[in-house]
Structures are given as C-alpha cells and as structure tokens.
Amino acid sequence: RLSAKPMLILWGGKDFVFDVDYYYEWRRRFPHAKYRFFDAAGHYVVEDQGVEILGEIRRFLKNDSVR
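So the sequence shown is numbered by our numbering: it starts at 90 and just counts up by one.
Bear in mind the hints are in silico, worked out from the structure with no lab data behind them.
Among the hints, a few may not be true.
Unchecked claim - Lysine-lysine pairs mimicking DSS-like chemistry, simulated, CA-CA at most 30 Å apart: (1) K123 - K94; (2) K103 - K151; (3) K151 - K94; (4) K123 - K103; (5) K123 - K151.
Keep in mind that this is a model prediction, so the values were computed, not measured.
Taking the hints into account, I'd like the entire structure generated from these sequences.
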C-alpha cells in the first residue's frame, strides 16, 4: 500500500544495525522512491549528515529531484 506514496529514503552506509542489505531490500520494495545513500553516516544518519539531510528533505517536500 505504501509503494504508490511519495517516499524519500536516506540511508547511512555505516549503519551497524540496518546494513546495506536492508537498504537494497528497501530499494527493491519501493522502486519509485527517491534515495540518498550517505557512505560516511552511521545508524544516526540525521545526526551524522544533518545539514545534507535537511537539504534533501527540503528538495523532496518542494517536489524537486533528490540527487
């Protein structure tokens, strides 16, 4: 039911709980979502990449493209 909803997925590449396999599964389940993978971020991706994430969220909410 969620696959048709606008979705932004922001992922930390160094997440010790939800590793990259989870990221790829989310991409498989939600192929129309916008994605951004932060190589240097961990589980607390918002804390690790706060400035960049804020920009991504603003672009998403304005319906602009996410990098």
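Violated constraints from the hint list, given by number and in increasing order: Those not satisfied: there are none.
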